Amino acid sequence: MSQAFARVQPFGKIETSRSDAFVFYMAGFVLLLLVLLSIRLGSYHLTMTELVSGLWYGFWQGEWQNLPTTDADSSGWVVLWEFRLPRLFCALLAGALFALSGFLLQGLTRNPLADPSLVGVSQGAALAVVIWLVSDLGQPEHRQWAALLGAFASAALIQFLNEYRRMPSTLTFILLGIGMSLFLSALTSALLTYGDLDRVMNALSWLSGSVHLTDWRDVTTLSLWFSVLLPCSWVLAHYLAVQQLGDVMAQGLGVPLRRIKRLQLLFAVSAAAMATAVVGPMAFIGLLAPHVARRFGVRLPHRQLLLSTMIGAVLVGSADLLGRTLWAPLQIPAGVLSTLIGAPAFLFLLVRTSRASSSSFRSKA
Amino acid sequence: MMLRTELAVQHLGWRVSLTTVTAMTCVSALLLLVALHVAFGARPIPVADVVQAFINFQQDSMQHLVVLQLRLPRALSAALAGSALAVAGVSLQAVTRNPLADPGLLGLLSGSALCVVLFGVLGHSNFAWVPVQAAVGALFAGCLVWWLAGRMPGGATPLMLTLSGATVTALLSAIITLLNLFNDQSFNELRVWLVGSFTGQRWQTFFWVLPMWLLGMLLIFPQGRVLTILTLGEDTAGALGVEPRRHKVTILVSVILLTASAVALAGPLGFVGLVIPHVVRLFTGADYRTLLLFSALIGAGYVLGIDLLARVLFAPREIAAGLLTVLIGAPWFMALVLRHGRAGAST
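Protein sequence lines, in the order shown, are assigned to chains A and B.
Going by my numbering, the first sequence wraps up at 365, each residue one higher than the last.
Going by my numbering, the second sequence wraps up at 1347, each residue one higher than the last.
If you're looking for bench data, these hints aren't it; they were derived computationally from the structure.
Since the model is a prediction, treat every value here as computed from it, not as a measurement.
Built from N, CA and C at the ideal position, the CB exists for glycine as well.
Keep in mind that the hints are not guaranteed to be accurate.
[To be verified] Residues of chain A clear of chain B, computed beta-carbon distances all greater than 10 Å:
# : residue
1 : A21
2 : F29
3 : L34
4 : E82
5 : L230
6 : Q251
7 : G297
8 : A328
[What the hints assert, rightly or not] Between beta-carbon pairs, the in silico distance windows are:
#  : chain 1 : residue 1 : chain 2 : residue 2 : range
9  : B       : R1202     : A       : V228      : 50 to 60 Å
10 : A       : H45       : B       : G1154     : 49 to 59 Å
11 : B       : L1036     : A       : Y194      : 19 to 29 Å
12 : A       : L137      : B       : R1245     : 49 to 59 Å
13 : A       : R217      : B       : D1184     : 26 to 36 Å
14 : A       : L31       : B       : G1154     : 47 to 57 Å
15 : A       : F160      : B       : L1309     : 27 to 37 Å
16 : B       : R1191     : A       : T47       : 39 to 49 Å
17 : A       : L137      : B       : T1022     : 44 to 54 Å
This is chain A alone, in the form it adopts within the complex:
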């Protein structure tokens, strides 16, 4: 893991390799391909003309809200603008946010296994949202604030427990996170047994990590948060190269470490909370995307961040696409599918890294 950062010279000249650009082009190409496929495929068959004209009207004439209803094409347009596009954007943005959160958490804790759902942050957000939905505290649309609150509460609790005994090791951090997430999920299930049935069903479909209930309002929320969080994290990611050398070294080189770390945690937790609030808890995306990004040989942390968000978007987008097309009338929640793909990939990564750099693992553990 650390060898990815090892060759970065923090305050020297950093050579740009041509392969970075190639990797980004490839990622962009895959993302574009995924967007096209997701628009095209589905249980309602869109013809090419419907697609092009629908997109044309919507994007360039800004008339997607009052499409001609008498037209024969109109049902295709409705499918496109009311179902496929918001769903696609939600999946992509949520994936990007999970990846961003995972990347920041991994850099911040210098722990290659950190992930918002492994650490309990996602479960905290989920618990808060379920409380919000089941006990009818307010509008379901405002659940993002509940998610934010829950995520921060659980993050603070884990941080407190971790520092309580003054042993900030990988082992305790991960194990505490596992215990925490099990506890919070049990609480959530207990709540679900007691809530009002209608509201519980509402919460249940959200809990399995599904994208199919999203609309344009969710897209607006996610894109607003994403457009704030990405530039901030981009700036903060520059410090990660130095942070990777260790706290003492980073402080010696003039990094205001406490403040930086706090900000990184803030952004990581709010990204996970927002993504969870819209699509439900989704495991392994935040863990996997940064690993894949590093594996492509990108070394600069801020570029890794960008690439991770792209990969996260691709992962969730393709999980959603597969989930709704593979067994066509049946919808597999993207959260289930991402776990099915993510868990084996994670195990594979763990086993592979053992051969490459088992020493770095052991020194941190």
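Fit chain B to the supplied structure of chain A, relying on the hints for placement.
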């Protein structure tokens, strides 16, 4: 010389008798819990009547029928599942030399749940086979987790075992969700069972599971001495004349059997196998012969109490016992992590 031997015998005798006395106390407490468990319910039955039902059963008494046909199987199932999980947890902790081992954390519970669901979807939901299906699933998941952890950096350390156990559990639960999506009927049948609950236990279930439980217990109890030695490490065990590999097979087989019998009765009950051994260690010390015995007794009492609590807490409604065990067990697990953090990090 004479004096010293006498002292030793006296000392030994005192110790044995203390163990016996404690065991007897535990057994009577267990019986009391069973009686309480049976007495409480939708219609409370006086404890005196419960006792009467055993001593002087009357065919025409509704209360006696309720006690013997509805409530007693549930109580006994809870006791059986609790003792099985606690003993499985103790044995796993000894074999993996890992204070954080537990059938749930190591993926065994979700493995058996998946196997049972899978057979249910395929249409083989005959109850007689559920314990066997659960055993096959537990075996598969256990081997998978063990193999994965062994291939990870640093070998099968507590961190790697727990991590691969958690990942495998996530994977298997996702597969269970997927299977349930495809098959509504199986989901409706197994929904309550999948969270871990004793609702609607019958004698039939109990008697199908009993042989498996007995076999597991008979296999594990003679291994107490070996378990103690195994905690010292394989090299030391070899030097003391214990062949680790052969004994490990026996122990793992009995762990699988016990886990499967618990799952067949109640579904996955997390953290029972983690909490109980640590509680028992507080007063027995590290000798696995006594540890096994008391884990079985106190584990049975614990799950009985949990099930009682699950029925009492929100009185007309029942909360799943599996949720309660996790709600109690997970903070315990976190406390253990905080306490053993340093020791675990060095291994």
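Outcome of the hint check:
1. A21: Fine: 33 Å to the nearest Cβ keeps A21(A) off the interface.
2. F29: 29 Å, holds
3. L34: 22 Å, holds
4. E82: About 24 Å separates E82(A) from the closest Cβ of chain B, which puts it past 10 Å; holds.
5. L230: Non-interface label on L230(A) holds, nearest chain B Cβ at 28 Å vs cutoff 10 Å.
6. Q251: Its Cβ never comes within 10 Å of chain B, the nearest being 24 Å, so this holds.
7. G297: Fine: 21 Å to the nearest Cβ keeps G297(A) off the interface.
8. A328: Holds, since 13 Å exceeds 10 Å.
9. R1202(B) to V228(A): 50 to 60 Å: At roughly 58 Å between Cβ atoms, V228(A) and R1202(B) fall inside 50 to 60 Å, so the hint holds.
10. H45(A) to G1154(B): 49 to 59 Å: 53 Å, holds
11. L1036(B) to Y194(A): 19 to 29 Å: Given about 24 Å between the Cβ atoms, the range holds.
12. L137(A) to R1245(B): 49 to 59 Å: 58 Å, holds
13. R217(A) to D1184(B): 26 to 36 Å: Once the Cβ atoms are compared, 31 Å apart, the range 26 to 36 Å for D1184(B) and R217(A) holds.
14. L31(A) to G1154(B): 47 to 57 Å: 37 Å, violated
15. F160(A) to L1309(B): 27 to 37 Å: 29 Å, holds
16. R1191(B) to T47(A): 39 to 49 Å: Since R1191(B) and T47(A) have Cβ atoms about 42 Å apart, the given range 39 to 49 Å holds.
17. L137(A) to T1022(B): 44 to 54 Å: 50 Å, holds
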